[in-house]
Amino acid sequence: MSGKIFKEYYARVAKEGVLKAVFCGLIVGFSVTLLAATTFWLLGERMWIWLSLLFCPIVAGITTPIFYQTKFKPNTKKLARRIDELGLEERILTMAQLQGDESYIAMKQREDAMKAIQRVNPKLVKFAISVPLVIALGVVATVSTSVTTVFALGEKTGKEYIEEAKAANIPEYEITYEIDGEGEIVGEPFQIVKEGESGTPIEAVPAPNWAFDCWLELEADDEGKVDPCRTETEVKGHIVLTAVFIEIPDLPEEEQSSNQQGDEVDASKKKPSSEEEQSQPGQSNQTGEGGGAGGSIIPSDLIIDGETVYGDEIDATQGEAEGDLSQDDGMSDEVGDIIGDYYGSIQN
Amino acid sequence: MVTEKDIEQFSEQCKKIFEQVSRDVIGQKEVVEGTIIAMIAGGNVLLEGVPGVGKTRLVRTLGRVFDLPFSRIQFTPDLMPADVTGTNIIVKDETGNSTFSFQPGPIFSNIILADEINRATPKTQSALLEAMQEHTVTVMGTSRKLNEPFFVLATQNPIEQDGTYPLPEAQMDRFMFKLLVPNPSLDELMAIVTMTQKTMEEVAECVCSGEDLLKMRETANQIPVADEVLRYAMIMTSATHPNSECSTEAAKKYVRVGASPRAGQALISAAKVMALIKGRFNVSFSDINELAYPVLRHRIKLNFEAIAERVTADDVIGMIVEEVSKNPKYKK
Numbered sequence: 001m002s003g004k005i006f007k008e009y010y011a012r013v014a015k016e017g018v019l020k021a022v023f024c025g026l027i028v029g030f031s032v033t034l035l036a037a038t039t040f041w042l043l044g045e046r047m048w049i050w051l052s053l054l055f056c057p058i059v060a061g062i063t064t065p066i067f068y069q070t071k072f073k074p075n076t077k078k079l080a081r082r083i084d085e086l087g088l089e090e091r092i093l094t095m096a097q098l099q100g101d102e103s104y105i106a107m108k109q110r111e112d113a114m115k116a117i118q119r120v121n122p123k124l125v126k127f128a129i130s131v132p133l134v135i136a137l138g139v140v141a142t143v144s145t146s147v148t149t150v151f152a153l154g155e156k157t158g159k160e161y162i163e164e165a166k167a168a169n170i171p172e173y174e175i176t177y178e179i180d181g182e183g184e185i186v187g188e189p190f191q192i193v194k195e196g197e198s199g200t201p202i203e204a205v206p207a208p209n210w211a212f213d214c215w216l217e218l219e220a221d222d223e224g225k226v227d228p229c230r231t232e233t234e235v236k237g238h239i240v241l242t243a244v245f246i247e248i249p250d251l252p253e254e255e256q257s258s259n260q261q262g263d264e265v266d267a268s269k270k271k272p273s274s275e276e277e278q279s280q281p282g283q284s285n286q287t288g289e290g291g292g293a294g295g296s297i298i299p300s301d302l303i304i305d306g307e308t309v310y311g312d313e314i315d316a317t318q319g320e321a322e323g324d325l326s327q328d329d330g331m332s333d334e335v336g337d338i339i340g341d342y343y344g345s346i347q348n
Numbered sequence: 001m002v003t004e005k006d007i008e009q010f011s012e013q014c015k016k017i018f019e020q021v022s023r024d025v026i027g028q029k030e031v032v033e034g035t036i037i038a039m040i041a042g043g044n045v046l047l048e049g050v051p052g053v054g055k056t057r058l059v060r061t062l063g064r065v066f067d068l069p070f071s072r073i074q075f076t077p078d079l080m081p082a083d084v085t086g087t088n089i090i091v092k093d094e095t096g097n098s099t100f101s102f103q104p105g106p107i108f109s110n111i112i113l114a115d116e117i118n119r120a121t122p123k124t125q126s127a128l129l130e131a132m133q134e135h136t137v138t139v140m141g142t143s144r145k146l147n148e149p150f151f152v153l154a155t156q157n158p159i160e161q162d163g164t165y166p167l168p169e170a171q172m173d174r175f176m177f178k179l180l181v182p183n184p185s186l187d188e189l190m191a192i193v194t195m196t197q198k199t200m201e202e203v204a205e206c207v208c209s210g211e212d213l214l215k216m217r218e219t220a221n222q223i224p225v226a227d228e229v230l231r232y233a234m235i236m237t238s239a240t241h242p243n244s245e246c247s248t249e250a251a252k253k254y255v256r257v258g259a260s261p262r263a264g265q266a267l268i269s270a271a272k273v274m275a276l277i278k279g280r281f282n283v284s285f286s287d288i289n290e291l292a293y294p295v296l297r298h299r300i301k302l303n304f305e306a307i308a309e310r311v312t313a314d315d316v317i318g319m320i321v322e323e324v325s326k327n328p329k330y331k332k
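Top to bottom, those sequences are chains A and B.
Each residue of the first sequence is one higher than the one before, counting from 1 in our numbering.
Each residue of the second sequence is one higher than the one before, counting from 1 in our numbering.
Be a bit skeptical, because a hint or two may be false.
Unchecked claim - Each computed DSS-like pair below joins lysine-lysine, with the alpha-carbon atoms no more than 30 Å apart:
id	chain 1	residue 1	chain 2	residue 2
1	B	K329	A	K115
2	B	K329	A	K73
3	B	K15	A	K115
4	B	K278	A	K108
5	B	K15	A	K123
6	B	K301	A	K115
7	A	K126	B	K15
8	A	K20	B	K15
To be clear, the hints were calculated from the coordinates, so they are not data collected in a lab.
Chain A on its own, in the form it takes in the complex:
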């Protein structure tokens, strides 16, 4: 089947094969474009979404020859069938099968087939492209182009949508600061934060004559237990903290004033002089009610009977104890350290 007449038929059937291969190539190309556009949209690469349109011609250019070679390239049988469809009653198909057969009947058959093929025109072989193939190309092309355009022109990319959706799904926790005693929480006493995030800083400020003691729900060794300023970090559940304020015992006015200057005067080192005691109330009056705000009272500074400073009493008692113990055999350094620690803790 290599004569001139068959070449005409072959050319027509080959054209049809090329057209079908192009259709299939375009379907694959548009599909890849759709896939790429979707991927870039999800990755948030807006620029690449437009560029993914270029994938269509590239992929179609690669796959079309593959489709043609593997599926649509006409072979002898395909060609014979197409020619026989013109009403040649399987003459060409039989002739193709009898290629190389030199028997008389085979020769007669070839002769008969050649006579029959002269009666038909190669132009009668119409392009036969299946309707489903055309519909598939139309659908894929429309969907691919429109989806790519929508992705490229949309306000947000897929990545942004995903992040939003993710954010919406993170659990939120409440941080509640409560008060036991008299004082206030400076900052937001009720906060809502997402898991793993931090709350805003707050400070526990005692009322006059009150001192901040500790945060109630925290363990003794927790960092910040006695720090009135705190910020909750890496929140992983609901938190309720109670700021405990303790009342400072009533003191004579002049001593009160003295105590209110706690940060400025080291009361544990010396007794205040009467002059100083006289002048302190005046200073206290000047500083007003806010004198004790913002800090805690050191226990050793407390005056217990209107005259004696508590810290001095402890120091004196510690000295006596150490003296008694060292009278007979002397006192080892280790025992001295223990006594020192003990009294230090009492002072604190």
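Following the hints, complete the assembly by docking chain B onto the known chain A.
Just chain B now, with coordinates in the frame of chain A:
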């Protein structure tokens, strides 16, 4: 090996046969063509038609045209197998001793006209089975070969059901074709009456010997069949089965038992002859479609649904042919 002379001879013989048959048989072109195709292909034919449409005359004419010994067996309920095959009889030899001698029955001929075959009992009908398939007859343990070519051309009446015995499937399967002999058209009827008013004598002449017929069969057998066409014919056969891999919707709905492999053999053998008669040297899909009716109509057993809906075997075959021929995968 087929030669140019064989091909020419085939064409000439066919032309002469059709000419001579048409001298005695008016009309019935398809029946005549089908019968001749079956005879060249070496198959038996069952002719079904109402009385008086020319079944017996056709067979007699063919017997004359082919110049072959012709036997007519009128099948009746009391016909015995020995009446068909022959039997051993006691004869006295020259010395006066009694010996068995085989007396051949009417089956020992080349063309057998089994007239009204469905009137005989199944036992007698079965006497034909071996002869039709193996072309041998076995009597008292001795097998005797029949002369070639050998054909059984049987007739049966479709409307007379009283006193008839439907042919068993095994015997039906041994007929290559079942041809339906229709009533003649008005013009044909006029021609028949005009001809028989002049003379009832059959005027067909012998134009083909038994040897010529065998040669024609050999020539036709050399016609090539493309693999695709062969596959198509086998699909057509298989498609009549309700449970086969290429079963058709029509078969699933209306067929109880499909055609046997003999149908496939018959399709191809007959298609080769038909192609050569048409002057073509290959078998086509259209040959298979055309021959599907006479080859398959007596080989498929319809189910109750088909009978209830009055769907005939030809209707079912029409549906099967349409379904198979329109399915492109069956032509690959």
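Cross-check of the supplied hints:
Using a Cα cut-off of 30 Å, the hinted pair K329/B and K115/A holds, with the two alpha carbons roughly 29 Å apart. Pair hint K329/B plus K73/A holds up; C-alpha atoms about 19 Å apart against a cutoff of 30 Å. Annotation: proposed proximity of K15/B to K115/A holds, straight-line Cα distance about 22 Å (limit 30 Å). The suggested pairing of K278/B with K108/A holds, with an alpha-carbon distance near 14 Å, which does not exceed 30 Å.
Between the alpha carbons of K15/B and K123/A the distance comes to roughly 37 Å, so the proposed pair goes past 30 Å and is violated. Between K301/B and K115/A the CA atoms are separated by roughly 43 Å; this puts the pair beyond 30 Å, and the hint is violated. Among the hinted pairs, K126/A with K15/B is inconsistent with the structure: their alpha-carbon atoms are about 38 Å apart, more than 30 Å. With a CA separation close to 49 Å, the supplied pair K20/A and K15/B exceeds the 30 Å bound.
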